[in-house]
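Visitor: Going down the list, the sequences are from chains G and C.
Take the first sequence: its position 236, counting from 1, is numbered 236 in the UniProt record's numbering, and each next residue is one higher.
Take the second sequence: its position 202, counting from 1, is numbered 202 in the UniProt record's numbering, and each next residue is one higher.
It is worth saying that the hints were derived from the structure and are not from the lab.
Since the structure is predicted, the reported quantities are computational estimates derived from the model, not experimental observations.
Each hint should be verified, as a subset may be incorrect.
Any copy will do: because identical chains look the same in the list, a pair fits if it lies in one copy or spans two.
What the hints assert, rightly or not - Pairs of lysine to any residue, SDA-like flavour, derived with a Cα cap of 25 angstroms: (1) K183 with A249; (2) K545 with R275; (3) K226 with S325; (4) K542 with A469; (5) K49 with D70; (6) K385 with T477; (7) K336 with G597; (8) K376 with G23; (9) K183 with L560; (10) K148 with D186; (11) K150 with I423; (12) K284 with L323; (13) K334 with M589; (14) K545 with P37; (15) K183 with N100; (16) K545 with G23; (17) K542 with G23.
Protein chains: 2
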Amino acid sequence: MAEYQAPLRDMRFLLNEIFDAPGQWASLPGLSENVDPETADAILEEAGKIAAGSLAPLNQSGDEEGCHWDNGTVTTPEGFKDAYQTYAEGGWVGLGGDPNYGGMGMPKSLVAQVEEMVQGANMAFGLCPMLTAGACLALHAHGSEELKQKYLPKMYEGTWSGAMDLTEPHAGTDLGIIRTKAKPNDDGSYSITGTKIFITWGEHDMAENIIHLVLAKLPDAPPGPKGISLFLVPKYEVNDDDSLGEHNALSCGSLEEKMGIHGSATCVMNYDGARGFLVGEPHKGLMAMFTMMNYERLGVGIQGVGAAEASYQNALAYARERLQSRSPTGAQEKDKVADPILVHPDVRRMLLKMKAHTEGSRAFITYVAQWLDQAKFAEDAEFQKKADAMVALLTPVAKAFLTDRALDTCVIGQQVFGGHGYIREWGQEQLVRDTRITQIYEGTNGIQAMDLMGRKVVANNGQFFEYFADDVADFITENQDDPALEGYIQPLASAIERLADVTEHVINSAGDNPTEVGAAAVDYLDLFGLTAEAYLWARMVKAAKPKADNDTSGFYTGKLKTARFFYDRLLPQTVALAEGIRNGSDSMMAFSEEEFG
Amino acid sequence: MAEYQAPLRDMRFLLNEIFDAPGQWASLPGLSENVDPETADAILEEAGKIAAGSLAPLNQSGDEEGCHWDNGTVTTPEGFKDAYQTYAEGGWVGLGGDPNYGGMGMPKSLVAQVEEMVQGANMAFGLCPMLTAGACLALHAHGSEELKQKYLPKMYEGTWSGAMDLTEPHAGTDLGIIRTKAKPNDDGSYSITGTKIFITWGEHDMAENIIHLVLAKLPDAPPGPKGISLFLVPKYEVNDDDSLGEHNALSCGSLEEKMGIHGSATCVMNYDGARGFLVGEPHKGLMAMFTMMNYERLGVGIQGVGAAEASYQNALAYARERLQSRSPTGAQEKDKVADPILVHPDVRRMLLKMKAHTEGSRAFITYVAQWLDQAKFAEDAEFQKKADAMVALLTPVAKAFLTDRALDTCVIGQQVFGGHGYIREWGQEQLVRDTRITQIYEGTNGIQAMDLMGRKVVANNGQFFEYFADDVADFITENQDDPALEGYIQPLASAIERLADVTEHVINSAGDNPTEVGAAAVDYLDLFGLTAEAYLWARMVKAAKPKADNDTSGFYTGKLKTARFFYDRLLPQTVALAEGIRNGSDSMMAFSEEEFG
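So that you can see chain G by itself, here it is in the shape it has in the complex (with noise of 0.2 angstroms):
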C-alpha cells in the first residue's frame, strides 16, 4: 500500500490560485484578525505532517482490530488513544471554533483542507473531531452563554468529545416520530429517557467526557417534527468548578457489526433518565440540530473526498510499479517482463476519471468553504443573504454527489488492483468499505437530493439556483473570447443551460404532481453536481493555462489534460441524466404494491 500523502499542492493551487482564498479572509473583519498566508500554510503544512505521519498508520490496523465493547466500556484500536491525544493538543480539533471560547478562528475555506487530511487518512478516527466540531458549532449557535462558557472550551481543545443522537430503533429519516422523552427538572434541567442507535463515538476512551446532543420530546411536545427539542447531555455530570462528576444515567448497550468504518465505535446508547440541558428553545430541536447536521454534511463530503484521494493515490502507485502485459503501441520497457500498467488505455482512463472527480470535488468543497466564509464573515447584509443561500443550495450536492463519486472512485482503485484489490493488505477494499457508509449517514443521498430538489430549488421557486447560474454565467461572460478557454467555454454554457431548463421543468411540474420532485431528485442532483464540476473545471483551466508552457512538474499540464479528459468523457453524462428527468414520474408511480413482485 502507498502511503498516503496529504495533496498540500493541489490545496494551494485552489486557495491561492482559483479562489484567491487570502484575499478574501483579507477582506472579511471577523477572518482577518486570525489568519494570513503564511499562517495558513503553515497550518496545511503541519496538518499534512499528522495525517500522513500519525493518522494514516492507524488506518489498517484500526480497520483490523475495531473497537471493543465489554459491560458498557469501549476500548479504542491500539494507538488510537495516543493518535488522539497528540491530536488534540495541536489545537486541531478548535481549528475553525470561536476564539472567544478558545477556538483557533480559522476559515472554513482552510480547515476544509485539513479536514479532508485527516478523513483521507483516517476515516474512522476523523469522525470523533467531527462530530465534536458540528457540536460545538450547533452549540454555540444556539446554546445559553452559560452552556457555551461550560462545554466549549473543553471541547475545543478536544478534552471532551462530541456526539450526536438523534436516530432510534424505528426513526431514521423520520425524526417526527422519535420517542425519547424529556422530563424537566425541578433545577431547570432534563431528564432525558429513551435509546438512540447507531451514535457514531458515542463511548470510547479517547476523551474525558462524551457531550451528547440528543433529540428528545417535551412532555407537552406537538406531535411531528415540530415536537422535537434539543438537549445537552454530558456522560459525565460537570461540576460548577469545572471538574467532573458522576457518571450520568446513560450507558452504551452495544457497538454495531458493520461494514467498515471499523476504527470507529458505533453505539447504541441508553438513557434512562439522564441529567440534560435543554439547547435552544423548546419544540425547536429539530432547526437547532440542522446547525450540526449541515455541518456534519459538508464534513461527509469531506470524508468522500479523502477517502477518494487516498485511493488515486495507492491506485497510481500500483500502476506505476506493476508489470502486465505490453503497450497497445509496443513495448515501452523492453528490459522488463511487462510494461507497467499505467501504459494501457483502460488503466488510464480508471485513473483519470478518478483524478477528475477527486480534484473536481476539492475543488467544490472549497467553492462551498468559501461561501460559508462569505456568509459567516460577510458585511454586506445583501451579499451573506445570498451567500447563505448558496450554501443551502450546495449543502446536499457537497455531500452527496461527492460522496457517490467517491465510492464510484474508490470502486475504480480498487479495480485497478485486479485481483490484489479484493485482498485486505492493500487497503483498497477497506476504501470501499469505509466509503460506502459516506453515502448513507447524515442523511441518505437520496434525502439530500430531496433536500436539494424540494427545499432548496422548487420550495424557493429556484431563486437560489438562480444565484449559482449567474455565478457561472458570470464566469462564461468574462472568459468567452479567451482563446485559453476555447473547448470549454461552449460546452459549459449549454451544460448549465441545460441544467436551468431541468430545473424550471420541475419547479413547473412539482405543482401539478406532488411525486415529481422525488422522481427527478437524484438524478437531478448528480446533473447538478457535473455541472458545478464542470464550471469548477473550467475555472481551473484559467489559472493553469497562463502556467502550462514552462511547467516542468507536470502539475499544470496536467490539470489542462484532466480537464480536458472530464468534458469528454465525463461531461455527456448530463444529456442522458436530462433526459431521464424530463421523462418524468409516471413509470414510477405507475406500480401498484404487487407489481414489484
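Fit chain C to the known structure of chain G by using the hints.
Guide: Leaving out everything else, chain C in the frame of chain G:
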C-alpha cells in the same frame, strides 16, 4: 433479512413465454432425448427448494465464520460439508454434463437458471460446483479419453471437485509470463513446480479429491502466451482401480484475507514436483483453459444476477415493512405512525432500477444460454457458426455488464435500508462485499471490455456484431406495426442504430490508432449491454402485453411498467456513452507519467 425465494415465476416466463425453450430443446437431437418441459419444470422446482432451504440459510453464517486454514488443511464453515453432500447427491454438479460420462445432459438455458438460484442463495458455496463444472467442460473438450473416463464421472457426481490454477503473484491478466514449470516424467506424466495464488476452492474438506487444472510451461516452451500448457493435477493420486492413492506434492500455503465471499477458500497453492497430466496439446493450454474460462465468465455473470435478485428481494421486503414519513400525495396508512417507504418516489426509483436490471440481466443470460445450446447441438453448420459467434460476442458482456449492474443493484439494495444497510445482520452489506469480486475475477471487467471491443468486434471487422444487430433488426421489422410495442420499437431502433454507428466508428479509428480500442472498450461494453437489455425488454413487452388485461397477479402488468421505466429512465444513458466514445482516446493518452500526480 428476507428469506431467499427462487424467482421461478420469472424463469418460467423467460423459458416458456419469451424464448420458447421447450421448442428449441425438442428441435435439437442432442437435447430432445434428455429434457422435456415436465422434467425441466421439476428441476427448476427442486433447485429452488435446495437453494432456499439448504444453501441460503448458510450464507450469512458462512460469511461470519469463513474458512479455516491449519497447516495446509482447510475446514469449511459449519454446515457447508453437509450441504455439499446433499447437493452432490442430488446430481446438481453434473446437471449440464455429458451423459456418456455420468452427466445429466441438460441444456444451458435450464442449467443457467439453476446456477442463478444457487449463486443467489450462497455465492461462496456456489463457486465450488461452478468451478467443477467448468473444469469438466475443459477436460471434456480437450482431455484424452483416458483422462475423461478416469475423472469426469467422479467430478460430475461431485465426489471430486475442480479448481482452476492460473494466476501467480506476478502474473494475473498477463498469463504469458507465468513461471510454473512442467517437467516430463518417464511415465508420460509431468512434474509440476510453482506457486499459484487466488485459487478458489483450491483446498477444502467438502470433496474427497480436488482436481486442479494448472497452467504451466514445458521446458521447450516458446515465450509468452503461446508457451503455456494445461495440466490436470489431482490432490490425491488416483490408482488404476480408481481408488485414491498418495497425497500429491501440492499444498495450500495459506488463505487470503479478503473483502467478501468468506465462505469460500481462496488459496495459495504450492506445487513441489506434483504429478500432473497434460490436457490437450503442448503449448496450447491457454486455448484449452479458455473453454473453462468462458464457462466461468458466463457463470460469474450469473452470480451477479443471483446476488442482484437476492438484494432486490431483501430491499422490497424492507420497503414494504419499514414505516418512515408520509407519501408526498398524503398519508396512505393513517392508522400507522408513518407510511411504508415503498410509497416514496425515490424508493420506487431504487427498486425499479434494481428490478429492471435484474430481470433484464436474467433475460440476457437466458438469451446467451440459448445460443450456447445452439452452438453445441445445432446440426446446420452455418447456423452453428453464427451461434458460436454470438456466444463469443455476448460472453464478455454477460460477465462484465451484468456484474457491473449487479454491484450497482446491491449498492442500491443496501441504500434502501438506510443505516441498517450498513449493519451486518441485514445481509445487504454482505451482498455488496460478495458481488464486488464478480467484477474482478475471471478477467477483470476492463479485460472483458477489451475482449469484446478488440477480439470480438474490431478483429472480425464487426461480423459478429452484425449477427447480433440482425437479430434485433429482425425483431424490429416483425413488430414495427404491432400496437403492443408502440413506444418501444422506435427507441429500440434508435439505440441499435447508435450502437452500430459507434461500432463502425471504433472499427474505423482502430486502424490508425491502436489505443482507440482500449480507450473505448468499457464505455462500449456498457452501451452494448444497455442496448441488448432494451431489445430483451421489448421482447418481454411483446409477450406480456396480450396477457396483461386479465392479469390479477401483477406479474404481466409489472413487466410492462418495468419496461417503460427502463426505456424512460435508463436507456438514455446510451446517448452519453456514445458521445464519450466518439470523443476518442486523445484525452487519455496525452498524459505523461508525471502528469498523473
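Visitor: Failing hints, ascending?
Guide: 2, 5, 9, 11 and 15
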